[in-house]
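Trainee: Each chain, written out:
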Amino acid sequence: MKGVLTRFSDPDLGRSVLAEIQGKAEAIGRPLTFMEVCGTHTAAYSFTGLRDVLDDAVRLRSGPGCPVCVTPPGDIDRMIALAGGDHITCTFGDMMDVPGSGSSLRKERARSGRVRIIYSPDEALQLARGHHDGETVVLLSVGFETTAPAVSSVLRRAAAEDRTNLRVFSAQRLLLPALRVLLCDPEVNLDGLILPGHVAAVLGRAAFEFVGAEAGIPAVVTGFEVIDLLCALDCLLDMVGRGEVAVKNRYGRAVREMGNPAARGVTSRVFEQCDVQWRGLGTVRGGGLRLREEFAAFDAAPLVPDDEVGDADPPEQCRCGDILRGQAEPGDCRLFARICNPLRPSGPCMVSREGACSTYYRHHREESLHG
Amino acid sequence: MVEEPELVEMAHGDGGRATRELIDRLFRPAFGEEHLSASDDAAPIAELSGEWMVSTDTFVVSPSEFPGGDVGKLAVCGTVNDLAACGARPVFLTAGFVLEEGLSLQLLRRVVRSMASTASADGVRLVAADTKVVGRGSGDGVYINTTGLGQTMPGVELDAARIVPGDRIIATGYVGDHGMAVLTHREGFPFSVPVTSDCASLWPAVETMLSDAGDAVKFMRDPTRGGIATALKEIAEQVPVDVILKEEDIPVRDPVRSAADMLGLDPLYLANEGNLLIVVHEDAGERVVSSLRSRRGVTAPRVIGEVVEGSGAVRAVTSLGGTRDLGLFAGDPLPRIC
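Quick mapping for you: the protein sequence lines, in order, are chains Z and G.
Under my numbering, the first sequence has 115 at position 3, and the numbering climbs by one with no breaks.
Under my numbering, the second sequence has 327 at position 292, and the numbering climbs by one with no breaks.
One or more of the hints may lead you astray.
[To be verified] Covered by chain G, according to a simulated footprint, are these stretches of chain Z (three or more residues, beta-carbon under 8 angstroms):
id, segment
1, 122-135
2, 157-167
3, 470-478
[Stated by the list, open to error] One side of the interface only, derived from the structure: several residues of chain Z facing chain G at Cβ under 7 angstroms:
id, residue
4, Tyr231
5, Ser232
6, Arg465
[What the hints assert, rightly or not] To list a few chain Z residues with every Cβ distance to chain G over 12 angstroms, as calculated:
id, residue
7, Glu273
8, Arg404
9, Asp444
Honestly, the hints are just simulated from the structure, not real lab data.
Beta carbons: idealized from backbone N, C-alpha and C, even for Gly.
All chains, please: the whole structure from these sequences, using the hints.
Mentor: Here you go:
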């Protein structure tokens, strides 16, 4: 395995592919705009310096593929209200600093000491098992098609043990329906899409066929090593050059044509699709997951003091919504690095490591402010 | 013969019989210092002459024991390395312990012995110590504060004001080992990473290097919390100059790189406890690196970058020739969620 990964990050190979890409971009002769849908790709294209090297020829825009970033203010406030309640709340670390209307999970942890950072949904089940007195453990479940199978598997085990002191607050979202909404937006003007490798590992390449058919632009599924990032660009440039519209897979070592049916199966036994709000996209039909009726006993939503928490508006002037649609870059936002920074974030894109604002703040702050 | 209790109790902090027993049976045998008297309020130390430096630091690492070290070793190395980074030979150390009620005395004994052997390896003497006990739940096992006194090496002038464009940046070892070892050793962490902390005293290496290279060494920093990126950013802003790192030249172990990648962390921001950043004259880079090579605590000495004119930016040049800014670290190191 080490050999494989080393090959995909080989600097010499990287430099030679890069030279080819630069040649192909020059041959096309006009600046191109590609969107990297996934937040991990956003971070990776910056981390490797590729965004910077390609800036003149290929403009890379971030998309709606960071689960923390697309969670709307109402859900953030509900999760914070849960954390202020009389139970233990488990969250992935990225959520800690996301600002709600009045507080954040980190502030609630400082106040109550009852918010735990976990790395895997399994830890929430272990905590629930440890509380024989029946104290409730609430898992804040934020993520895409990739996270849902692990949460589902934990819930099925909890159900088998009848461990109803575990509750899940589902802010799970499905990327595919959101991508469809995004591509139908006439204001979104792209020359190609770099599709999320992890989500595609679950859904399969074929699930993205609609991109070519409906949006009329080429797309490519890829991984996260340097060579993966380069191959995706190479593949898109080839298709643009030939005028070809197709969805190709350049992540064959992880993504199959039909994805991972077992992972989708476990999710569909526990969750069902529902309409939800996305930050930046509004209501997305079928864009979220809620617990099925059989798992109602595990739903944390009824524990939210509903009368206190409504659907708040995003912070004034914060352009996270536009950035998530690829309509703006972080430097276009008046708050970026002036008022909004990782210590005092105004919006979620500055919090998550995969958020565009956080990535640009870390790696391209000067040029974003002055370029 | 009274049997020694296995756990720390509140009585161990009452200043009476139990406190004295703890000192006599646990601390004194380890440190072997006649100065460690339960009755004196202060300890005399030999007459000091010349220039001395003082440094203090508090160690609250969780867990108290981790692959490659423990809070005791860390408490000595941390303060020793702070002095070493200033070119001062560590000579005296004081230690303050905050113990949580219920702490295993066996664990405490291991920590104290580890402190003692780490200190004696560098010829550092523990001259005063204090112990307090807090109730269960008010602390996390054992916290240690150490204060070190170090004697400045003659003829050495370490000053950020001497840094000029052209100077080279040297790192003495692999980057991020300590941060990754501690993070992934915490209870409940879902996977293990084959990496041990780099926790080590760098004084012997520094002493040899300063004797060999003398004036060519301009400045040093101990890149602990915030990693090498944060330490270099602070240096760059202080002077001010820009620092350009060549990413391929920065030593990172494969398991640390892979695990950091998986967790969404950058090894350049992970804590080190046995690494020094050394700024040297542009002609002295390779000479200083060979002087450091195969010294105790030095794992991978390399020139990792250079100083250029500027106003405080630190940039890494990637293998593809792109650059990324390295800013001050902000917030917790957060794991990614998808």
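Trainee: All hints, please: hold or fail.
Mentor: Status of the hints after comparison with the structure:
1. 122-135: holds (count 4)
2. 157-167: Since three or more residues must qualify, the claim that chain G covers the segment 157-167 of chain Z holds, with 8 doing so at under 8 angstroms.
3. 470-478: holds (count 6)
4. Tyr231: holds, 5 angstroms
5. Ser232: Hint holds; Ser232 of chain Z Cβ to chain G Cβ min 5 angstroms, cut 7 angstroms.
6. Arg465: It holds, given that the least Cβ distance between Arg465 of chain Z and chain G is near 5 angstroms, below 7 angstroms.
7. Glu273: holds, 19 angstroms
8. Arg404: holds, 22 angstroms
9. Asp444: holds, 18 angstroms
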